[in-house]
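Spelled out from the first residue to the last, the chains are:
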Amino acid sequence: MASAELESQETETMTIREAIRETMREELNRDDDVFLIGEDIGVMEGVLDVTGDLYHDFGPERVRDTPISEAGIIGAATGAAATGSRPVAELMFSDFIGVAMEQTMNQMAKMRYMFGGKIEMPVTVRATEGGGMGAASQHSGTVHTMIAHFPGLMAVAPGTPEAAKGLLRSAIRSDDPVFFFENKMIYEQSGEVPVDEDFTIPLGEANVEREGDDVTVVATQRLVGESLTVADELDGDIDVEVIDLRSLYPLDTDTIVESLDKTGRMVVAGESPLSYGAQAEVVSRAVENAFYSLDAPIQRVGVPDTHIPFGPSLESEVLPDADDVRNAIERIA
Amino acid sequence: MLTIREFDTRAGERFADGEIPGFVHLYVGEEAVGVGACAALEEDDYITSTHRGHGHCIAKGLDPKLMMSEIYGKRDGYCNGKGGSMHIADVDSEMLGANGIVGAGPPLGTGAALSISQKGEDRIALSFLGDGAVAQGQVHEAVNLASTWDLPVVFLIENNQYGEGTAVSDQHNAKNLSDTAAAYDIPGINVDGMDITAVNEAVTEARKRARNGEGPTLIEAETYRFHGHFEGDQELYRDEEEVEDWRKRDPIDTFSERLIERDELSEEELGEMREDIEMEIEDAIEYAKNADDPTPDEAYEDMFSQRVPDIDLFVEQANARADGGTRGGEF
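Protein chains in written order, with the working numbering: chain A, 1 to 333; chain B, 1001 to 1331.
Hints were generated in silico from the structure; no laboratory data involved. You may find that some hints are simply not true.
Taking lysine to any residue pairs in the SDA-like style, the calculated list, with each CA pair at most 20 Å apart, reads [said to hold, decoys possible]:
no.: 1; chain 1: A; residue 1: 118; chain 2: B; residue 2: 1307
no.: 2; chain 1: A; residue 1: 262; chain 2: A; residue 2: 306
no.: 3; chain 1: A; residue 1: 118; chain 2: B; residue 2: 1297
Residues from chain A that keep clear of chain B, each with C-beta distances beyond 12 Å, as calculated [as the list claims (entries may be wrong)]:
no.: 4; residue: 26
no.: 5; residue: 55
no.: 6; residue: 105
no.: 7; residue: 136
no.: 8; residue: 185
no.: 9; residue: 200
no.: 10; residue: 239
no.: 11; residue: 305
no.: 12; residue: 311
no.: 13; residue: 316
no.: 14; residue: 322
no.: 15; residue: 331
no.: 16; residue: 333
Idealized CB from N, CA, C, for every residue including glycine.
All chains should be modelled from the sequences, with the hints used to inform the complete structure.
This is the structure we're talking about:
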């Protein structure tokens, strides 16, 4: 089902990679204070080809290649955001956040609060997550739980081209720090996206991608598409509702509760390691706010607390997929 | 310099008396660095500071009354009582914050300079950092970025001889910390940090370079803190004799003696200045003591530009009473 935002909108078909690139192009055109900063985003057009030709259109100052200095990149983006710029920093692989965690958690996240709300922090950080291409443990992690957990940071993780576009634009225009997590396995996934250059999706809003009455699946990133496939396969036997969580923080408790009030059963699927993961927060919100609507134990789908191994047979073992979502649904349906 | 000396001396006393919560790091002895540097800046130049930041704030023109209120945790303080001694900031004065993390200021200074460069503005950023910060990886990244891009920023190392409680020579192999500038192909300058005019001249020159598009300068100012790392520090790492030797080079005494010798200042004028400043700081303390505390619910404000429902949800849950019903309803 197309989302509510798409009704009565002129749309075009594009991939998630294109949606991200075109949103950056539109925002670079719209606002001179916006600039991109990161490793190999310019001349090399991005290691996963997301920034693409932007360097050629906007030049080395608006699309700024950096040394391999994640702490420097995040620190400089934070300082620039504190002084009136609107940087979009790319961390390349999200695993590299470890190198930049100090500037992220103690500067970017805390400045507004520590300064009594007297400073804006309009910075966006893009990072690619997820396994599936044999990139091994240090280039395949899903770390968004850490960012969503840390007070003062917003985090989004879209599962469709439309969400990628609407959320990235909201992130860039936001006066708060927003981490935009991309999943590297769904860059080529295509879908309908509004052509309106002011199309945004509010930070903190989930979307019901498919309505159903029996089981709610709350999914993120790659698992949104996988869950929709499973829902179609089960159609006729089990009526599955699929929600793209979209925003990890703020988290749309209302949409989760409304769905549970209807279905009474829930699966939460994402690629985070399970213990203390993003899925766990969704479960907590559900239990705290919709306990009396529950008819079965909530199921979590994610990585069973390992790193992402290199070898294909090992990697596919730990990565959650459609089969895991189907099993989880069938356990409680 | 006199204002900083009086402010920090009195803040130390009030802390010892238990009036000020947390901990405070005093700038006493290092005044010539902050004042000499900020006097070389234009009003709209940015600075980033350190955990020992009171002096930088006063030198940048912040109001001692609002600083003291912040240190007392009051709503009138620069950060509405949320920051305290280690996080005083005033964006309106282009003062981007004292900082509790050693070495975190220079990346922010580089970022401010990047903003200046992107916007084509006619100003610079100056990052104060301690000798201890020079050992931090993020400082290297910040200086490397700034020098690679010729950004308008000055890095000013306040070498007060100790990184917390460990001597500089036990933390660095470089003979002079400014020697590390060679690795970035930028000027590395060593100045007497007890001499306000020496610091002022070095920063004036560095500012000129920055504005001319010649990139950053790394300045090391040799100085000394007369108090411990923090108030209450037992100072096991140094002896009284060493402290006394440095006190003979007190930057306020040496500068005022020089001015008096040159007939640019009289003993009477100096005395009047001291009295005025004592009164100003006494007023600041009284103001801070009598200022309102923030109300407890203000703890939930200022996380983001707009309130997020998550915080309200958790606060509501925490405050809900057993008989108040729950969002989930009944079985």
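Hints, one by one, checked against the model:
A hinted pair counts as satisfied when its Cα atoms are at most 20 Å apart, and residue 118 of chain A with residue 1307 of chain B qualifies at roughly 15 Å. For the hint pairing residue 262 of chain A with residue 306 of chain A, the CA-to-CA distance comes to about 34 Å; that exceeds 20 Å, so the pair is violated. Between residue 118 of chain A and residue 1297 of chain B the alpha-carbon distance is near 18 Å, which keeps this suggested pair within the 20 Å criterion. The Cβ of residue 26 of chain A sits about 19 Å from the closest Cβ of chain B, beyond the 12 Å cut-off, so the non-interface label holds.
Once the 12 Å rule is applied to beta carbons, residue 55 of chain A is consistent with being away from chain B; the minimum gap is 16 Å. For residue 105 of chain A, the requirement that its beta carbon stay farther than 12 Å from each beta carbon of chain B is not met, with the minimum near 10 Å. Distance check on residue 136 of chain A: its Cβ is at least 24 Å (rounded) from any Cβ of chain B, clearing the 12 Å threshold; non-interface status holds. Remark: the non-interface label on residue 185 of chain A is consistent with the geometry, its nearest Cβ contact in chain B lying 29 Å away (cut-off 12 Å).
Once the 12 Å rule is applied to beta carbons, residue 200 of chain A is consistent with being away from chain B; the minimum gap is 14 Å. Distance check on residue 239 of chain A: its Cβ is at least 23 Å (rounded) from any Cβ of chain B, clearing the 12 Å threshold; non-interface status holds. Under the 12 Å C-beta cut-off, the non-interface status given to residue 305 of chain A relative to chain B holds; the minimum distance is some 26 Å. Every CB of chain B lies more than 12 Å from the CB of residue 311 of chain A, the least distance being 33 Å, so the non-interface label holds.
Against chain B, the non-interface label of residue 316 of chain A holds: every CB pair exceeds 12 Å, the least being about 35 Å. With 12 Å as the threshold on Cβ separation, the claim that residue 322 of chain A sits away from chain B holds: the shortest Cβ distance comes to roughly 30 Å. The claim that residue 331 of chain A lies off the interface holds: its Cβ sits roughly 23 Å from the closest Cβ of chain B, which is beyond the 12 Å cut-off. Separation of residue 333 of chain A from chain B is adequate, the least Cβ-Cβ distance of about 22 Å exceeding the 12 Å criterion.
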